[in-house]
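**Student:** Residue-level listing of the chains:
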Amino acid sequence: MSITDSADIGTHDQAAPVTPDIRPGRSRLARSPSRFRLAPYFFIAAAALYLVLFAGIPVLKGVDLSFTNTQLLRPTGGHYIGLANYGRLVSSDAFLHSVETTIIYSFCTVMGSLLLGTASAVVLNRWFVGRTVARAILVMPWAVPTVAVALVFRWIFNDSTGVANGTLAALGIAQVGWLTDPNFGMISVLLATIWKVTPFVMLVVLAALQSVPDELYEATRVDGADMYSTFKSIVLPYIAPTLRIVALLMTIWSFRRFEIIWLLTGGGPVDATNTIVINVYREAFVHSQLGLAAAAGVLGLLLSLIVTVAYFYVEMRSERKNGAFS
Amino acid sequence: MIGRRRLGLGLRMVLALLLVILAGFPLYWMLNTSMTPSTQLYGGKQSFIPDFTRIGNAFGVLVTGVPFLRWMGNSAIVAIGTTALSLLLATLAAYALSRYRFVGKGPLALGFFATQMLPEALLVVPLYSLFTTLGLLNHLYGLVLVDTAFAMPVAMFVLKAAMDGINYEIEESARVDGCGPLSILQIMVVPLIAPSIAAAAVITFFDGWNEYLFATTFVSDRQSWVASTGLASFIGEFITPLDTVFSGAVVFTIPAVVFFLIMQRRIVSGLTAGSVKG
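Quick mapping for you: the protein sequence lines, in order, are chains D and E. FYI, the numbering for the first sequence is 9 to 334, going by this note's numbering. FYI, the numbering for the second sequence is 0 to 277, going by this note's numbering.
Treat the hints with care, since some could be wrong.
Said to hold, decoys possible - With the Cβ distance kept under 7 Å, some of the chain D side facing chain E (calculated, not the full set): (1) Y58; (2) P149; (3) V288; (4) R290.
Unchecked claim - Covered stretches of chain D (in silico footprint by chain E; criterion: 3 or more residues with CB under 8 Å from a CB of chain E, positions within the stretch not fixed): (5) 132-139; (6) 236-246.
Claimed, not checked - Chain D regions said to be covered by chain E (calculated; three or more residues, Cβ under 8 Å): (7) 164-176; (8) 258-267; (9) 304-312.
Worth flagging that the hints you see were computed from the coordinates, not collected in a lab. Since this is a predicted model, take the numbers as computed values, not measurements. Cβ atoms here follow ideal geometry from the backbone N, Cα and C, with glycine treated the same way.
Isolated chain D, as found in the complex (with noise of 0.2 Å):
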């Protein structure tokens, strides 16, 4: 053989008392669990312990902060005080209100995503002229970095020199402080962050529709059935796992997501878009109160874990009631 040094290196890693499952008929390599493999673990050890020393690790540091009253200035200088920085938090309307703002957030940007990004999707399934371009155009906003997308919804949205007040203004309707009034500096970051999303919900779900069975649209067009009705008993049943798992990963994303938020607004104007993350950015990095931040960390945190924890369940239990445990 011409690979003896890759080969030797992969004999190596079975030097655990294995024999390789070559019987003819197993199509897998560790179908008998008696075997104990060493295989695996030698392929996955690196990635694993690498996830171990930069996020598992940090994870845990962070809870571990999360108990004790340290400061930015002095990382070292902290004592544990129990559960008092989530007593703090619990009881602060400041803190209730983050917690608020991050499930508004998070609520409208899935649901908008969702929405515009499935109906992006219906319109590219099909041939029309310019499909292709109009495609390309669509996916752009994802690949776009999001320091770009701030900076350019900050000019769209400028008080006085932006084009949304420009047009506004140039329709008759009164100006608006996009990112100055507290009552529009959510509407402005959703509008920026949904922009930013959508292709990614648009991609998944043209790729779901694109696995829909051409016979299932030609049974209901000899049925007589309009568009709305062949979507909704035919098309969205088939898609449904899909949005399930987007709408999922959208709301985690949502929950973590930074960057936009703190670039267009820093969670202004007046705590309007202050969610859990940028406030866990502001403890730290602007009152140093790096154990209160931490705190506010692991319970936004918590809040992932819970709609993870719920949506497995939930998509458990309907895949036993379909048998597919069986």
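Fit chain E to the known structure of chain D by using the hints.
**Tutor:** Using the frame of chain D, we list chain E on its own:
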């Protein structure tokens, strides 16, 4: 029936046009702003059609004025490093999860997924102290290390989905010939999933290219800034002319958009399979 179909086609084209305007306008406005003299911009007299003769002028400033090209270079270093490290770790991990059953497989896969829940804002503080200890502050490779923690799991799911999709028989016959798993991965699996590797490479590259929070917190030396930090530093600063800032934004955006357009089909199939199965 044909009438209804024509109606559907017309309706879809109108909707498509509307969506294209919504998606395209901010991008167009970025380009437009970069080509409008800043005196016009500050006077609130931005025309809807830019003066295209100013292209050279607008982008020439980047070379002479701000150290923008240097920041772009730094971004490229971070992005390339993140891509290389992520792909190496992700390919090996994906092979384990795709080809073997082993104790702890479920929890490990869940662990990879869980990284998608972690708020960077929470991690930035513990990572800051870790970086201080390890002497990684102000080093670009420090950014590579943190960006990889977020980009690699996504690449792993994309690659695992691709590996799940290829036939196992060939590998089995190679095993009969005494070929070890690592060389099977190297000479048989990797070439077959090359398109997905390319897609994962684009995704991880732009994770590194676009990342802002860690880059801003961990690198304070202006010469070592990446482009996202550099661009963001213009926010709320009124010395640099606005058209120059937007020229920077355009130049920073173009590589991302072009690569995504080239790779979009592969990215989609990879992401779909990865997210639905993973």
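**Student:** It remains to establish, for every hint, whether it holds in the given structure.
**Tutor:** Results for each hint:
{"no.": "1", "hint": "Y58", "verdict": "holds (6 Å)"}
{"no.": "2", "hint": "P149", "verdict": "holds (6 Å)"}
{"no.": "3", "hint": "V288", "verdict": "holds (4 Å)"}
{"no.": "4", "hint": "R290", "verdict": "violated (9 Å)"}
{"no.": "5", "hint": "132-139", "verdict": "holds (count 6)"}
{"no.": "6", "hint": "236-246", "verdict": "violated (count 0)"}
{"no.": "7", "hint": "164-176", "verdict": "holds (count 5)"}
{"no.": "8", "hint": "258-267", "verdict": "holds (count 6)"}
{"no.": "9", "hint": "304-312", "verdict": "holds (count 5)"}
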